[in-house]
Amino acid sequence: MDKSQILSGIGHAVVITWVVLGDWLFAPRELPPPDSVQVSMVSESDLKAMQDAAAKSVKPKADKPEVKPAKPPSKPQVEAPAPVEPEVAVAEPAPVKPAQPSPDIPVAADPQPNEAPPPVAPIAEAEQPIPVPTVNEKPKPRPATRITDTPMVSPEKTPEMADTATPEVTDQPTDQPVVEEPKPAAAPEEAAAQTAPDAVVTDAPELAPTSSRRPQTRPDKPVVETPVEDPQVALDAQAEKDAKAKADAQAKADEKAAKKAKEKADAQAKADAEAADQAAIDAALADAASDAPATDGGQTDIPEGPPMTAGEKEGLRVSINQCWNIGTLSTAAQRIKLTLRVEMKEDGTPDSNGITMTTFSGGDEATASQAFEAARRAVIRGVKGCGGKAGYDLDPAKYAEWNVMNLNFDASGMRLR
Amino acid sequence: MIFLTFPCKLRDKPTDLQGQSRPHNSPLKNEDKMRPFKSLTAALLIGLSSLTTAAQAEITIDINSPVIEPMPFAVPDFIDEGGAGELAANISRVVAADLAGTGLFIETPKDAYISRVTSFDAPISYPDWQAINTQALITGAVQAGGDRIVVKFRLFDVASGQPLGEGLQFAGTPASWRRMAHKVADAVYSRITGEGPYFDSRVVYVAESGPKNQRQKRLGVMDYDGANVKYLTDSSSIVLAPRFSPNGDRILFTSYASGFPAIYVMNVGNLKTRNLGEVPGTMTFAPRFSPDGNTVVFSLEKGGNTDIYSMDINSGAMSQLTNAPSIETSPSFSPDGSQIVFESDRSGSQQIYMMPAGGGEGVRISGGKGRYSTPVWSPRGDMIAFTKQNEGRFHIGAMLTDGTEERLLTASFLDEGPTWAPNGRVIMFTREGAGAGGQAGLMSVDVSGRNLKAIPTEGPASDPSWSPMLP
Chain U
1 MDKSQILSGI GHAVVITWVV LGDWLFAPRE LPPPDSVQVS MVSESDLKAM QDAAAKSVKP
61 KADKPEVKPA KPPSKPQVEA PAPVEPEVAV AEPAPVKPAQ PSPDIPVAAD PQPNEAPPPV
121 APIAEAEQPI PVPTVNEKPK PRPATRITDT PMVSPEKTPE MADTATPEVT DQPTDQPVVE
181 EPKPAAAPEE AAAQTAPDAV VTDAPELAPT SSRRPQTRPD KPVVETPVED PQVALDAQAE
241 KDAKAKADAQ AKADEKAAKK AKEKADAQAK ADAEAADQAA IDAALADAAS DAPATDGGQT
301 DIPEGPPMTA GEKEGLRVSI NQCWNIGTLS TAAQRIKLTL RVEMKEDGTP DSNGITMTTF
361 SGGDEATASQ AFEAARRAVI RGVKGCGGKA GYDLDPAKYA EWNVMNLNFD ASGMRLR
Chain Y
1 MIFLTFPCKL RDKPTDLQGQ SRPHNSPLKN EDKMRPFKSL TAALLIGLSS LTTAAQAEIT
61 IDINSPVIEP MPFAVPDFID EGGAGELAAN ISRVVAADLA GTGLFIETPK DAYISRVTSF
121 DAPISYPDWQ AINTQALITG AVQAGGDRIV VKFRLFDVAS GQPLGEGLQF AGTPASWRRM
181 AHKVADAVYS RITGEGPYFD SRVVYVAESG PKNQRQKRLG VMDYDGANVK YLTDSSSIVL
241 APRFSPNGDR ILFTSYASGF PAIYVMNVGN LKTRNLGEVP GTMTFAPRFS PDGNTVVFSL
301 EKGGNTDIYS MDINSGAMSQ LTNAPSIETS PSFSPDGSQI VFESDRSGSQ QIYMMPAGGG
361 EGVRISGGKG RYSTPVWSPR GDMIAFTKQN EGRFHIGAML TDGTEERLLT ASFLDEGPTW
421 APNGRVIMFT REGAGAGGQA GLMSVDVSGR NLKAIPTEGP ASDPSWSPML P
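Residue numbers (this note's numbering), protein chains in the order written: chain U, 1 to 417; chain Y, 1 to 471.
These aren't lab readings, by the way, just hints derived from the structure by calculation.
The C-beta atom is built at its ideal place from N, Cα and C for all residues, glycine as well.
Incorrect hints may have been included.
Stated by the list, open to error - Sample of chain Y residues facing chain U (criterion: CB under 8 Å; computed from the structure): (1) 131; (2) 132; (3) 157; (4) 192.
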C-alpha cells in the first residue's frame with residue numbers, strides 16, 4: 001500500500017473520530033449561571049437631596065480638591081438601597097441632565113450655563129506667526145548615473161564630401177513644379193457651420209445624439225498633377241540674364257498666383273458641395289438611426305420626444321380592452337378581426353372622425369361594420385376608462401409617437417359561438 | 001413621406017463649379033464622377049429615413065381581451081306628435097323591455113337623465129348622455145289618426161356622437177302597437193348586434209290547467225314575450241307538440257281527439273283544423289314541417305315499432321324514411337331541407353342521428369354520456385339544440401351539426417323540448433318542477449348560456465314552438 005494512502009487513511013480516521021466523538025469529548029462545560037446584581041433606583045429628588053446634603057457637610061477646597069475614591073463594595077450584592085453619603089464633595093459637580101419635572105417637586109430655576117474654562121494659553125496680543133514645518137518636504141532629485149571618465153571614441157568614418165556643389169535655395173520663384181506634401185482632405189472650417197444651399201433645414205429642437213457619428217471619410221489621395229515640361233533651371237543665372245530672368249520669373253509668378261487662386265476657388269467650391277452632400281447624408285443617417293419622428297423637412301410642429309415605454313403602451317391596451325364590449329355583438333361579428341387606424345388629438349382624445357377600419361377578416365362587410373362600431377366605441381370610451389379603470393395616460397411630450405395608432409382587434413381568444 | 005431635393009441632377013453639359021462649361025473631352029476627376037452617386041445615396045437615405053420614421057410614427061397595439069357586459073341604453077318616452085296619448089310612452093316601454101330582455105342591454109334609469117328629449121328633430125346633447133354612461137340612445141315619436149298610427153325612431157351612438165344608421169318608421173293599426181314597438185326594438189337590436197331580429201315573432205305552446213294527474217291541455221299562441229295570448233283549441237282533447245310552419249300560417253300538432261294520437265294541421269288565419277291522414281291501427285306524433293312547408297316528417301308507431309315517415313302535405317303521399325326495430329322519432333329538417341336530424345335508441349339508449357332528407361342510414365352525432373332527445377336544427381343551420389338526460393338531471397344543450405362543441409345551457413329537474421328563435425340566438429324550452437306541485441313553464445336562454453329567464457304565461461305551459469318573423 002502506498003504511504004500516501006496510509007497517511008490519507010489515518011487522516012480520515014482522525015477526522016471521522018473527531019466528528020463522531022468530538023461533541024462528547026470536547027463538549028464545553030456548562031457555563032455557570034450569571035450572577036444577579038440587585039440594584040435600586042435612586043430617584044431624581046433623592047439624588048438632589050443627597051448632593052445638597054453633601055455640599056453642606058463638606059466645604060470644597062478650591063486649591064486642592066481632595067478626591068477620595070469611594071471604596072468599592074466588597075460584595076457585589078447590595079443589601080439595601082441605603083442612601084449613599086458622598087464622602088467627597090466635588091468642587092464643580094457635573095451638570096445634571098435635566099429630568100422630567102415631577103409634580104411633587106418644585107421646578108427649579110433654569111440652569112445657568114457654566115463659565116467657560118480658562119484658556120490653556122494666554123491670548124497673544126500680537127499676531128503670532130503661523131508655524132511652518134521645519135522639515136523641507138521638497139523632493140530631492142534622484143542621484144544621476146555617473147558619467148564615465150573615459151571619453152567615447154569618435155566615429156572613424158568621416159562624412160563624404162560631394163563633388164558638386166548643391167545649389168543654394170533662392171528666394172526667387174522657379175518654374176519647377178512644387179510637389180506639396182500630401183495632406184488629408186478636409187472641409188474648410190466654415191463648411192461645417194454653413195448651411196448648404198440645398199441641405200436639410202430642420203426646425204426640430206436639438207436632441208442629444210442617439211447614435212455615434214459616422215466615421216470620417218477616408219482622406220482623398222493627394223493630387224499629383226502631371227508635371228509640366230521641365231523649364232529651364234534658374235540656378236544658371238548669369239549676370240547678363242538676371243534682369244530677363246527676373247522679368248520672366250515675375251510673369252510666371254503672377255501666372256502661378258492666378259492659377260493657385262483658381263485652384264483654391266475650385267477647391268473651395270468643391271468642398272462646399274461635398275460638405276452639402278455630407279451634411280445631407282449625415283442628416284439622413286441621423287434620422288434613420290434615431291427613433292424620433294421625421295422632421296418633414298423642418299416643417300413639422302409635432303413635438304418630438306422619447307418613444308413610448310412598454311408600460312405606456314400596455315396602459316393604453318388595457319384601457320381599450322376594458323371598454324371593448326363584444327357582448328352585444330353577434331357571434332359572427334365576434335369572429336371578425338379588424339384593424340383600426342386612430343388619429344389622436346393633442347389633448348389625448350381620439351378624433352372621432354379619424355377612426356377608420358383599414359382591414360378586416362373573418363366575415364362579410366356588414367358584419368364587420370358592427371365589429372367596427374364596437375371597436376370604435378372602445379377607443380372613444382377608453383379615454384375616460386371603463387369598469388373603474390383609468391383612461392389613457394398619454395404623455396404630451398410623446399405626441400409624435402401616439403398621434404396615429406393602429407389597433408388590431410381580435411376576440412378569438414374568448415369568442416362565443 | 002417627403003422627399004427632399006438634393007443637387008443630384010446630372011448636367012446635360014459638364015460644367016465646373018463656377019458654371020463654366022467644361023469641354024466634353026475634359027477628363028472628370030474621381031470626385032466629379034462620384035458626386036452624382038453620392039447625391040443619389042443621400043436621396044435614398046433620406047427616403048429610407050422618411051420611410052422608417054413614418055413606420056415608427058404609428059404605433060401598433062393588439063387588443064385581444066374584450067369584456068362581455070350589457071350595453072347601457074336610454075329610451076326616453078317617444079314624442080306624442082298628435083293623438084298618440086299614452087301609446088307613445090307605452091311603445092317606448094316595450095322597446096326598452098325588448099332590449100333589456102335580451103341580457104345584452106341595460107336601460108339607463110330615467111331618473112339619471114340630464115337632458116330631456118322634447119322634439120323628435122331636436123339635436124342630441126351627447127355630453128349629457130355620455131355623462132350618465134349611456135352608449136345608445138333611441139328617440140322616437142308617434143302619430144295617431146283614425147285607426148292608423150305611425151311610429152318613427154332614430155338610434156344614436158352616444159360614444160361617437162353620431163347617429164347609427166337612418167331613422168325608420170312603421171305604420172299600422174292602434175291594436176298592433178306592440179308589434180310596431182317590437183319592430184323598432186328589432187331594428188335597434190339588429191343595428192347594434194348584427195344579429196337577426198326576433199322580437200316581432202310569436203310562440204305557440206300548450207297551455208295546461210288542472211291537477212297534474214288530470215291535466216287539461218290546449219293550444220295557445222302569444223307574443224315572444226308572453227303577451228297577447230290567444231287560445232287556438234279548447235280543452236276537450238289533449239294536444240301535444242305544436243309546430244309552426246316555415247311562414248307561420250299553419251300549425252302542426254298532435255291531438256288525441258280520436259282517442260289515439262294523430263297529426264293535425266291548423267290554419268292560423270281561420271283556425272280550421274284537419275287530420276293529416278289517420279292510418280288505422282297506428283299512432284302518429286312528433287310532426288315538423290320541411291323548410292318549404294310542403295312536406296311533413298313525423299313518427300309513426302305500428303306494431304310496437306316506431307319509424308320516421310314523410311308526407312306530402314298536399315297529396316297525402318307517405319314514404320318511410322327509417323326502418324329499424326328501434327324507436328326513431330323527433331325528426332327535424334336542416335334549414336336547406338337536405339338533412340334530417342332525429343333521435344333513436346338503436347344503440348341501446350337515446351342518441352341523435354342524422355340522415356338525408358330522403359331517408360337512409362343514420363349517422364350518430366351525439367357522443368357524450370347520457371341520453372339525447374328532441375333535436376332541433378337551428379335556423380342558421382350551424383347548431384343543433386337537444387334535450388339531455390344524465391345522472392338524474394335534464395339539460396338543454398346545443399352542439400355543432402357534427403356533434404362537436406357540445407355545451408349544456410341549463411340544468412334542472414326537467415328541461416325539455418327546445419325551440420329556436422328566428423335568429424338562432426335564443427332557445428325557448430319547457431321546465432317543470434318536481435313533485436305533484438311542480439308546474440311546467442316556459443323558459444328562454446341565450447345560446448351562450450346567459451340570460452336564462454322565465455316567460456310569463458297565464459298558467460302552466462309547455463311545448464313551445466317559435467314562429468318565424470311575422471310579415
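Structure-based check of all given hints:
no., hint, result
1, 131, "violated, 10 Å"
2, 132, "violated, 13 Å"
3, 157, "holds, 7 Å"
4, 192, "holds, 6 Å"
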